[in-house]
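Asker: Each chain, written out:
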Amino acid sequence: MLEIRWHSRAGQGAVTGAKGLASVVAETGKEVQAFAFYGSAKRGASMTAYNRVDDKPILNHEKYMKPDYVFILDPALAFTDDFTANSKESTKYIITTHLSKAELIAQIPEIQGMEDRVFVLDCFGIALDTIGRAIPNTPMLGAFIKVSGMFEVAEFQESMKSVLGKLSQKIIDANMVAIERAYNEVN
Amino acid sequence: MNSKVMDIKKIEVWDGNMAASQAFRQADVDVVAAYPITPSTPVVENYATFEANGYIDGEFVMVESEHAAMSACVGAAAAGGRVATATSSQGFALMVEVLYQAAGMRLPIVLAQVNRALAAPLNVNGDHSDMYLGRDSGWINVSTFSPQEVYDLTLCAFKIGEHLDVRLPVNINQDGFMSSHTAQNVRTLDDKTACDFIGPYQAVNAMLDFSKPVTHGVQTEEDWHFEHKAKQHDAMMRSRKVIDEVFAEFKALTGREYKAVESYGMEDAEVAIVAFGTTYETAKIVVDNLKKEGIKAGIISPRIFRPFPLEDIAAQLQHVKAIACMDRSAPGGSVGALYNEIAGALFNSPARPVLSNIIYGLGGRDMTVSTLTEIYKDLVKEAASGKLNGTIQRFVGVRGPELTYYNA
Chain A
1 MLEIRWHSRA
11 GQGAVTGAKG
21 LASVVAETGK
31 EVQAFAFYGS
41 AKRGASMTAY
51 NRVDDKPILN
61 HEKYMKPDYV
71 FILDPALAFT
81 DDFTANSKES
91 TKYIITTHLS
101 KAELIAQIPE
111 IQGMEDRVFV
121 LDCFGIALDT
131 IGRAIPNTPM
141 LGAFIKVSGM
151 FEVAEFQESM
161 KSVLGKLSQK
171 IIDANMVAIE
181 RAYNEVN
Chain B
1 MNSKVMDIKK
11 IEVWDGNMAA
21 SQAFRQADVD
31 VVAAYPITPS
41 TPVVENYATF
51 EANGYIDGEF
61 VMVESEHAAM
71 SACVGAAAAG
81 GRVATATSSQ
91 GFALMVEVLY
101 QAAGMRLPIV
111 LAQVNRALAA
121 PLNVNGDHSD
131 MYLGRDSGWI
141 NVSTFSPQEV
151 YDLTLCAFKI
161 GEHLDVRLPV
171 NINQDGFMSS
181 HTAQNVRTLD
191 DKTACDFIGP
201 YQAVNAMLDF
211 SKPVTHGVQT
221 EEDWHFEHKA
231 KQHDAMMRSR
241 KVIDEVFAEF
251 KALTGREYKA
261 VESYGMEDAE
271 VAIVAFGTTY
281 ETAKIVVDNL
291 KKEGIKAGII
301 SPRIFRPFPL
311 EDIAAQLQHV
321 KAIACMDRSA
331 PGGSVGALYN
341 EIAGALFNSP
351 ARPVLSNIIY
361 GLGGRDMTVS
371 TLTEIYKDLV
381 KEAASGKLNG
391 TIQRFVGVRG
401 PELTYYNA
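These protein sequence lines are chains A and B, in that order.
Going letter by letter, the first sequence gives residues 1 to 187 in our numbering.
Going letter by letter, the second sequence gives residues 1 to 408 in our numbering.
Hint data in this document are derived by calculation from the structure and do not stem from the laboratory.
Only a predicted model underlies this, so the values are computations on that prediction, with no experimental measurement involved.
Backbone N, C-alpha and C define an ideal beta-carbon position, used for all residues, glycine too.
One should not assume that every hint holds.
As the list claims (entries may be wrong) - Computed far set for chain A versus chain B, every beta-carbon distance over 10 Å: (1) 22; (2) 103; (3) 111; (4) 122; (5) 185.
What the hints assert, rightly or not - No more than 20 Å apart at the CA atoms, straight line, and that leaves these computed lysine to any residue pairs for SDA-like: (6) A/30 / B/285; (7) A/66 / B/54; (8) B/10 / A/159; (9) B/10 / A/29; (10) B/9 / A/66; (11) A/166 / B/284; (12) A/161 / B/10; (13) B/9 / A/159; (14) B/284 / A/159; (15) B/291 / A/58; (16) A/166 / B/285; (17) A/166 / B/49; (18) A/63 / B/369; (19) A/56 / B/254; (20) A/63 / B/365; (21) A/63 / B/45; (22) B/9 / A/157; (23) A/42 / B/41; (24) A/166 / B/8; (25) A/63 / B/254; (26) A/166 / B/51; (27) B/9 / A/28.
Unchecked claim - Between beta-carbon pairs, the in silico distance windows are: (28) A/46 / B/221: 30 to 38 Å; (29) A/57 / B/318: 23 to 31 Å; (30) A/109 / B/398: 30 to 38 Å; (31) A/37 / B/398: 17 to 25 Å; (32) A/110 / B/53: 27 to 35 Å; (33) B/192 / A/112: 57 to 65 Å; (34) A/134 / B/374: 40 to 48 Å.
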């Protein structure tokens, strides 16, 4: 079982990202689950979304999770969310930030000494350059496939095209570039 | 079948709401009348999208309230059409008056009910308060544990309710958010296979059949009311045979098996939990873990809440030493409904297990693997001592001082 927790602000595409990732992973024959904590969600409010991936049907419906990966889609949430909650010794963090990895870690005590498990990239910058909107979800997926080694980038892009399905060709192409840039830039 | 076929994959990643919407679409429903409410809103939204994109030959009617939604469904069903709707919580509460009318008029409407807490306090998350509210309304009530089951059992619902020996409305329950907003792999049927499985709608006493005028919803008073209600109950009790047949037919088609009572690990279980909804599947993980420790644990769930499979449940619990009946609904001054059902089922049987009642998960409070494990560990102690650890009823997962009620 592989488990992922997304930290995001409502409106940044974490639910769409989690469902998109689930759809792509399901194409490979795996069993998947994607869900989120809602409540009285307002655009801009801090929220979390979740993925589970396994080889056998997923029966677990508890919301509690000890994630293998934590994604932080909004730079400020790295400073305000308790994003290391319920973590494991092996939990990996992918954080969107304009800072360098060293600069970011220097400011967040919780992840000091975890240099090998913290990965950074500027999902916002990539999304603005490519898609033209500050929607960090597809760049985060590009970073995830690099860090996890779960897919080849071309293979992932192909599956992602079918998930993006009904969007215009221009937007789909922009998302493909965003995934590739994130794949190459995460460090 | 709808004239425009939708191309869907053999395995889709759908949440429970989409699963219900797709089953409605494939069932070629004549009239869907609905008033959306969280967390069942996407059932209606998805269906409206299908309609706007030309995938629905039937009518889609937006109404001004849930009372109006169920009233429109009653009208359309009495007119002679296949009818469905969706709701949750407060919306379901507003429908209640008309639910009894639908059942009493023997109209096989299908309701996708996404279970949610009832206010106050206002809460959009999942518990079984609304399912329990509809318990005695005369609808066949089915509990589902995952989006796959929502899809499968919604297809079955049309076939069961519309069967000429049944003619009763069917309520397909799923847990708000835990199923409705959780996307998982769903094995699908293509449109033709799904539609053929359900079969064509057979109208009975259709009001739009002008060659045979009929009256629906008449007044009967003391002279005939009792006979009608007795026949209605009898139809509900006999529906069990049809439910079993439809489940068997569905298994032959898909390989997926459904039973009136679902159970896991019960063959040799000495301790057992009884629960509805997604908790059943989470508990399966715990049962597997405990078996490895040598603890003979099991989980059992009435797949159909109404007609209640009393004999089947009693039979499966005969060798169990301690049972926790878990109700995800505020009991309002008594033991939970499931506790009463199980106690009632066992009373005329030889088994005398230690029986406790747990109230849990209200307003969407998480039921975790860890808490379920603790509940089973308590049951092991009760099985060993042959008596309750404390009181009959306790609240699990609630903050504040321990809440326990009723001494054995």
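Asker: Against each hint, give a clear statement of whether it holds in the structure.
Answerer: Hints, verified against the model:
1. 22: Non-interface label on residue 22 of chain A violated, nearest chain B Cβ at 5 Å vs cutoff 10 Å.
2. 103: holds (36 Å)
3. 111: Non-interface label stands for residue 111 of chain A: nearest chain B Cβ at 26 Å, farther than 10 Å.
4. 122: holds (28 Å)
5. 185: holds (28 Å)
6. A/30 / B/285: Measuring from Cα to Cα gives roughly 18 Å; hence the hint holds.
7. A/66 / B/54: violated (44 Å)
8. B/10 / A/159: holds (16 Å)
9. B/10 / A/29: holds (11 Å)
10. B/9 / A/66: Violated, because 32 Å separates the two Cα atoms, which is more than 20 Å.
11. A/166 / B/284: The given pair, whose Cα atoms are some 38 Å apart, is violated under the 20 Å limit.
12. A/161 / B/10: Cα-Cα ~18 Å, so holds.
13. B/9 / A/159: Holds, at roughly 13 Å.
14. B/284 / A/159: violated (32 Å)
15. B/291 / A/58: holds (19 Å)
16. A/166 / B/285: Between residue 166 of chain A and residue 285 of chain B the Cα gap is close to 38 Å, so the pair fails against 20 Å, i.e. violated.
17. A/166 / B/49: At roughly 13 Å apart (the allowed maximum being 20 Å), residue 49 of chain B and residue 166 of chain A satisfy the hint.
18. A/63 / B/369: With Cα atoms ~10 Å apart, residue 63 of chain A and residue 369 of chain B stay inside 20 Å; holds.
19. A/56 / B/254: Distance ~18 Å between residue 56 of chain A and residue 254 of chain B Cα, so the pair holds.
20. A/63 / B/365: With Cα atoms ~9 Å apart, residue 63 of chain A and residue 365 of chain B stay inside 20 Å; holds.
21. A/63 / B/45: Not satisfied, since the Cα-Cα distance of roughly 26 Å exceeds 20 Å.
22. B/9 / A/157: With a Cα-Cα distance of about 19 Å, the restraint between residue 9 of chain B and residue 157 of chain A holds, given a limit of 20 Å.
23. A/42 / B/41: With Cα atoms ~17 Å apart, residue 42 of chain A and residue 41 of chain B stay inside 20 Å; holds.
24. A/166 / B/8: Since the Cα atoms of residue 166 of chain A and residue 8 of chain B sit roughly 14 Å apart, the hinted pair holds (cutoff 20 Å).
25. A/63 / B/254: violated (30 Å)
26. A/166 / B/51: holds (17 Å)
27. B/9 / A/28: Holds, because 13 Å separates the two Cα atoms, which is no more than 20 Å.
28. A/46 / B/221: 30 to 38 Å: violated (60 Å)
29. A/57 / B/318: 23 to 31 Å: holds (30 Å)
30. A/109 / B/398: 30 to 38 Å: This hint holds: roughly 34 Å between Cβ atoms.
31. A/37 / B/398: 17 to 25 Å: holds (19 Å)
32. A/110 / B/53: 27 to 35 Å: Given range 27 to 35 Å: violated, Cβ gap about 47 Å.
33. B/192 / A/112: 57 to 65 Å: Roughly 60 Å apart at Cβ, these two residues keep to the hinted range, so it holds.
34. A/134 / B/374: 40 to 48 Å: With a Cβ separation near 44 Å, residue 134 of chain A and residue 374 of chain B satisfy 40 to 48 Å, so the hint holds.
In the structure shown, a violation is registered for the earlier hints numbered 1, 7, 10, 11, 14, 16, 21, 25, 28 and 32, in ascending order.
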